[in-house]
Amino acid sequence: MTLLLQAVADGLQMGLLYALVAVGLAIIWGLMEMINFAHGEFMMLGMFGAWGLSVSLGWDPLVSMVPIAVLMYGGGVLVYRLLMQRVQRGEVFTQIFATVGLLFFVQNGVVALFTSDYRFVEKSFLTGLSGANITLGGLRIGVPLLVGGLIALALFLILYLLIDRTDFGLALQATAEDRDAAMLVGIRPQRMYAVAWGLGTALVAIAGVILANFFSVYPQAGLSFTVLAYAIVALGGFGSILGTLLAALVVGVVQSVTAAYLPPAFKDAFVFASYILIGLFRPQGLFGRF
Amino acid sequence: MAASSPPGRAGRARSLIWAAAVLVALLYPIPFERSGYIYYETVGFLVLLNAMLGIGWNIIGGWAGQFDFGPSIFLAIGAYTAALLSIHLGVNAWLALLGAVVVSVGLCVALTYPVTRLRGHYFAIATVAMWMIAQPIGATWPFINGSQGLFIPVAPGGSFVHGMLTMEFPGRGKGLGFYYLSLLLFVITLLGARAVERSKLGFYFRAVRDDQDGAEAIGIDSRLYKVIARCLMAAIFAAGGTLYGFWALAVFPDQVLEVNWNILPMMAAVVGGLGRLWGPALGAIILIPISQVMTATLGAGPLAGRGIDLIIYGAVIMLIAGWRPNGLLSLPWAEWAARFRGRAPAQPVKG
Amino acid sequence: MRILRVITAVAVLSFLAVQLGPGARAAGPVTEVLIGELLPLTGNFASLGQQYLWAGQTVEDIVNNDYPDLQVPLGPGKGFPGLGGAKMTLVVRDDQSRGDQARTLAEQLITVNKVHWLNGEGTSGNTSIIQPLVDSYGIPMSCHACASPTLTDKGFKWFYRTGPNDRTMVASVFQFLKEWPGRGGPSDLKTIAIFTCDNLFCQDNRKIAADLAEKSGYKIVADLTTRTGATTLASEVQRLQSANPDVLFFVQYPAETTVFQADAKRAGYMSKVIATSNGAYSDQTWLTAQKAANGAVGWLGRDPTAIDLASKKPAWKKVNEIYKKYSRGQDMGELAMREITGMLWMADTINRAKSVEPAALAKAANETNMTPDQMIIDYKGIKFDQNRQNELATGVVTQIGWDDEKHTIWPWDLAAQAGFKPIFPSPSWQERESRTKK
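The listed protein sequences derive, respectively, from chains G, P and W. Residue 45 in the working numbering sits at position 45 of the first sequence, with consecutive numbering throughout. Residue 339 in the working numbering sits at position 49 of the second sequence, with consecutive numbering throughout. Residue 1051 in the working numbering sits at position 410 of the third sequence, with consecutive numbering throughout.
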């Protein structure tokens, strides 16, 4: 029984980290319905930023999180203005094409600059806590992951309030739902999309900064997290920030429990199988506005 | 869509271009065979294979308008079925191809019908889900030898004709043989797709794409047609998978389920012009040689290992996407051709 | 209309022109020996590929420049003496870790660049995809660091491997474990768990280990396979912890190994013996990163050479200096050593053949009988069996000590030279932390 409970606890912790990665995508794709294949690459840039600043200036990732987020916000806006704005004039599928190009460009740009070696953030607040555990009713909860998870929750709360409770958030939603109607009430759609891209990119870069404390930093690091992120946003339902959070927790738990009892090679497969299963009953995801 | 062939000089010009294209396609490998630069024949093979896959993807993506990001599972199913039939039962490659198509379509129907409940991006993730589920199956299933792969044995000896009949080219005829095999399959696929495009089936596909609710209102079963579209694609990918298997002579799960098989056919279709019959061919002719040239020049020598070729490749893709988001076939070719011939264009053509 | 006819005519004529164009390269004295280097320089295996590239560049440097005191084949003197001083040129291609690219680029290297020898691909899976192709064109090829036994078991006529394969290497680990009790080691190791990734390399190791474990009388209490790219291994660690094996046979790449270590640390899990086979254990960047927190102390695994002893050889030191020029300061790891040794053998073979014709190269290769004093690695020599696998490629077993360096612990004669007592049991996470150098 403790195996199961511990697996659930581990799954919830990882779920919060996944939520952190997915939240940026929830804005760009979940809310504004723009396909972004390069999402993982921005996360990877965040990881490299954290590592670079840690190695050259000795900044703790929790500190460098802020300037990196600001920089990546600008990067996201730039990507929108220079590329995605033009791509929007065409087929939706062209967004896939364009962001695949962006993926090649960014990932190999990092390879050219840093090579494919594995890098590690060695000294930071969170790595210093790495053995520390909290024991809650016989279950082990790792402190660093817990801190990462709390940051994720905080970001989610902020984002939820932003999207669902402010005029700005309403404007974003309006633009996504009906661009022309939004223009009629004075919203400038281009500006909304640009901000959405900026926000989404900044958020996933923050995720990268946090994850750099726990995982190796290398140019191909984006892939494993982002595939899960896509499943999470879709499972949670498009347009729902809280849905993304819930879906992330579900994914984390399914993954963890599967690995505890079934062949571990299938743990991601089960996550995706769950997605299909849930989708058959709720085609719009858990809280999708559809 | 283009209007029916204009009469007179334009019509003759068209036929001439057609004849030239056919001639090029048929004679393309000959000079390389003579000079020994077999590699270029293989590039031709890759272009034709991906063009064929692109046409397949175009059916579900361009015509039926559904996002399918995991078509490689059908390539894998095709490759494995053909390999197993060939290895364990000694079946001839073409029969194995048939078997591969049958199995692939059968599995496609079973897998796709349930998820046609999902729409848009949700459906897309469902196709990704299938791809993600296929990967550990491929890597661990003992029946297909898991990650240690299957090796297709090639009988020694055999003439060119024998090779075309069995897809086995033990000696140096490989490059030539597979070029013509892929050309044959490409032409068959193209003709088949053209037939579908002009048929009622094509009409239903486009109805589902343009307005699914409206189509259902007039009695078109959107779920059925989505399944048909996807399974036509599955058939084509299975054929492509068989061809790939006999070309590589080895089927590994991480190779046949590789992400590029998901992306490249789609990119070829989008670059060329989504939904257009010749879109994928144009896209493949552009994308593949560019990436090959760049690998050979920028990815080699002192710059090797820095991924410079892929950086430029990515930049080129972004440029094309930003400059021509509707694909390159959407360029006003007819207008340009008319201007080239020195006359004013017959009518204003939208870009 | 007329201009269209003109264009068509020009196109057709140029085709005919190319058709009648230059044929194969004219024969003549060879001034340049072209070695195709087909490697995964981007994509999943990029961190391996770049080490192979540096190894290749090192050998190119050694062959083409005069290193009078360097006791390796073609160290002294410039170029190939047997070919009148012809120089060696690497023709590098990146296949992005993809099989279809590997096959296509191999064909390019052979038919367009007309390389005389193909070195690659670096990973066993993609190498097996290009083997049939190279065999049909009939030029020699080699992948010295590819460890899958099937590469030579299949009997391809043109594939040579100087490095050991997984069968030899895993067998050496089990041999060590078997002989250890007689040399002061523990005699109560009864259970084993196997923990591997899901690709060809890991699965080869897993099957060999499972087979040998049974033959050696171990009870396999867990056999877990995980996918590469895992983001967490917490549940797997839990399962291993409850299975509680005496020996953990562990084969994973660096990224997953790091995840495992973090999760194991959280869970406080460590088995008495951790035995590995390549993967992270061979990766220089992972090894270097372990120094900060003693993460790898006590891990043992097979290595093709006794690194601690080899690094004392002057030849090794010199080659390392040259290697560091290309690797941006990173020391030669064991992958690079295998590759360099193999490519120097290749250069020697070309030199002995005094020709770049495939038949002559094959003859010289098959006649190889290289002695250990010419190598920077600890093979017993280079001599090929009927499948062109070097039958004298032995493995040693090393263990990482508290100085975070690898030390030879088997075979016993070399271990005695190395003077290192194996660590047992593998230290707990608390012990590792407490002994961290601040």
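Derived from the structure by calculation, the hints contain no laboratory data. Values in this document were obtained by computation on a predicted structure and should not be read as measured data. Glycine is no exception: its CB is placed at the ideal position from the N, C-alpha and C atoms. One or more of the hints may lead you astray.
If we take Cβ atoms under 7 Å as the criterion, some of the chain W residues that face chain P in the derived model are [said to hold, decoys possible]:
1. K719
2. P722
3. E748
4. Q749
5. I770
6. D839
7. N840
8. S996
9. N1007
10. T1009
11. N1010
12. M1011
13. T1012
Next on the checklist: Holds or violated: the hint that W/N840 contacts chain P, with Cβ atoms closer than 7 Å.
Outcome noted: holds (5 Å)
Next on the checklist: Would the hint on W/Q749 be counted as holding, given a Cβ-Cβ threshold of 7 Å to chain P?
Outcome noted: holds (4 Å)
Next on the checklist: Given a cut of 7 Å on the nearest C-beta pair, is the interface hint for W/P722 held or broken against chain P?
Outcome noted: violated (26 Å)
Item to check | Cut-off 7 Å, beta-carbon criterion: hint that W/T1012 touches chain P | outcome: This hint is violated: W/T1012 lies away from chain P, its Cβ roughly 34 Å from the closest one there, beyond 7 Å.
Item to check | Restraint satisfaction for W/I770 [CB to CB of chain P, less than 7 Å] | outcome: Holds: closest Cβ of chain P sits about 5 Å from W/I770, inside 7 Å.
Checklist entry - At a threshold of 7 Å, is the proposed contact between W/T1009 and chain P supported by beta-carbon distances? => result violated (28 Å)
Checklist entry - For the hint on W/K719, does the least C-beta distance to chain P fall short of 7 Å? => result This hint is violated: W/K719 lies away from chain P, its Cβ roughly 20 Å from the closest one there, beyond 7 Å.
Next on the checklist: Less than 7 Å between beta-carbons is the criterion; does W/M1011 satisfy it with respect to chain P?
Outcome noted: At 29 Å from the nearest chain P Cβ, W/M1011 fails the 7 Å test, so the hint is violated.
Checklist entry - With 7 Å as the cut and Cβ atoms as the points, is W/N1010 at the interface with chain P? => result violated (32 Å)
Next on the checklist: Can you verify the interface hint for W/S996: is its Cβ closer than 7 Å to any Cβ in chain P?
Outcome noted: Hint on W/S996: violated, closest Cβ of chain P at ~20 Å, above 7 Å.
Item to check | Interface hint for W/N1007, Cβ within 7 Å of any Cβ on chain P | outcome: Violated. Min distance 22 Å.
Item to check | Per-residue hint verdict: W/E748, partner chain P, C-beta under 7 Å | outcome: holds (5 Å)
The structure is inconsistent with the numbered hints 1, 2, 8, 9, 10, 11, 12 and 13, although it conforms to all the rest.
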